[in-house]
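Q: Add chain B to chain A, keeping to what the hints say.
Here the protein sequences come in this chain order: A and B.
Position one of the first sequence corresponds to residue 1 (the working numbering), numbered consecutively onward.
Position one of the second sequence corresponds to residue 1 (the working numbering), numbered consecutively onward.
Read the hints as simulated data drawn from the structure, not as lab findings.
Errors might be hidden in some of the hints.
What the hints assert, rightly or not - These stretches of chain A come out as covered by chain B in the derived footprint (C-beta under 8 angstroms, 3 or more residues): (1) 39-46; (2) 100-107.
What the hints assert, rightly or not - Derived, one-sided and incomplete: chain A residues facing chain B with beta-carbon distance under 7 angstroms: (3) T28; (4) S32; (5) Y96; (6) D97.
Just so it is clear, the structure is predicted and the values come from calculations on it, not from any experiment.
Think of the CB as a built atom: it goes at the ideal place given N, C-alpha and C, for glycine as much as any other residue.
These are the residues of each chain, in order.
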Amino acid sequence: GDSVTQMEGPVTLSEEAFLTINCTYTATGYPSLFWYVQYPGEGLQLLLKATKADDKGSNKGFEATYRKETTSFHLEKGSVQVSDSAVYFCALSDYYDMRFGAGTRLTVKP
Amino acid sequence: NAGVTQTPKFQVLKTGQSMTLQCAQDMNHEYMSWYRQDPGMGLRLIHYSVGAGITDQGEVPNGYNVSRSTTEDFPLRLLSAAPSQTSVYFCASSYSSGPSSGNTIYFGEGSWLTVV
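In isolation and in its complexed conformation, chain B is listed as follows:
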């Protein structure tokens, strides 16, 4: 039972480079999201999706793009990496409407990104 799978687990980028963090879930969840985790700040929502073809911004969307062409996949793109994007990134998924109805969110294991 794979759950939520993220790749890569570790990545070092140079300032200005672009890259894509991959996320896939095999639970047929409609809701998927990306969070970043920074020391002392908990997790903050970057983007989310409530179904294929539908995406929306979270609390900290600047510098990131997402798309949702299938129910299973929700990639996060860094357009031009900056040192401020050094963080741990978590993909998450949930049934139907996500957390608003008390649904449990399932997290991937995280992707450690360093921008130098």
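Only chain A is shown next, with the shape it has when bound in the complex:
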């Protein structure tokens, strides 16, 4: 079945560093792709999404491009802040289900 693989963490960066979290997917159809963020003690919140190949999703300085040729949807941010510390989940839509990666914990130090 469809699945998502994302880079394992944890990832620790200094403030203002560049962030990349890799995400690749396996799908038989043409899923939509998502990045969700989870802050401690909270539910998941949508960070960005892309619904077709070559679409770029962006929000709060984060970006990800739907690459069909490499089946990837890597998350990037040019300059991280302490407030970006959270767990990030890559996901794809699969009919009535969302398939999530295992999550990558990001810690940003001042």
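A: Same frame as chain A, now just chain B:
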């Protein structure tokens, strides 16, 4: 704006007990679902519903029941709790057909369940 509301937030059960996790949404969403989150495994779908009176199984349905008598509510029942059901449970909702059309899924804040 309440969004998706889950109760209780924390619960400890003994093996064999039953309980119901409540979920309500006030966004008039047709699609609702329950996920469990376990360390290193992301979220896995337990059950989902595409409208009142309609439910279906997800990836990990065993040991859980659901019903959807109204658009707003989607309770999850644990029939006979087992330690393997210790997890964090998330209720979610979305417009119309759910995630398949790229619709955003909105999550509740989670319910931490421990079965001893």
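Q: Now tell me if each hint is right for this structure.
A: Hint by hint, here is what the structure shows:
1. Interface restraint, the stretch 39-46 of chain A with chain B: holds (6 residues with C-beta to C-beta distance below 8 angstroms; minimum three).
2. Counting residues of the stretch 100-107 of chain A whose CB falls under 8 angstroms from any CB of chain B gives 4; the rule of at least 3 is met.
3. Because the closest C-beta pair between A/T28 and chain B is about 13 angstroms apart, greater than 7 angstroms, the hint is violated.
4. Hint status for A/S32: holds, given a least beta-carbon distance of 4 angstroms to chain B, under 7 angstroms.
5. Interface restraint check for A/Y96: the shortest CB-CB distance to chain B comes to about 5 angstroms, inside 7 angstroms, so the restraint holds.
6. Of the supplied interface hints, the one on A/D97 holds, with its beta-carbon coming within about 5 angstroms of a beta-carbon of chain B, less than 7 angstroms.
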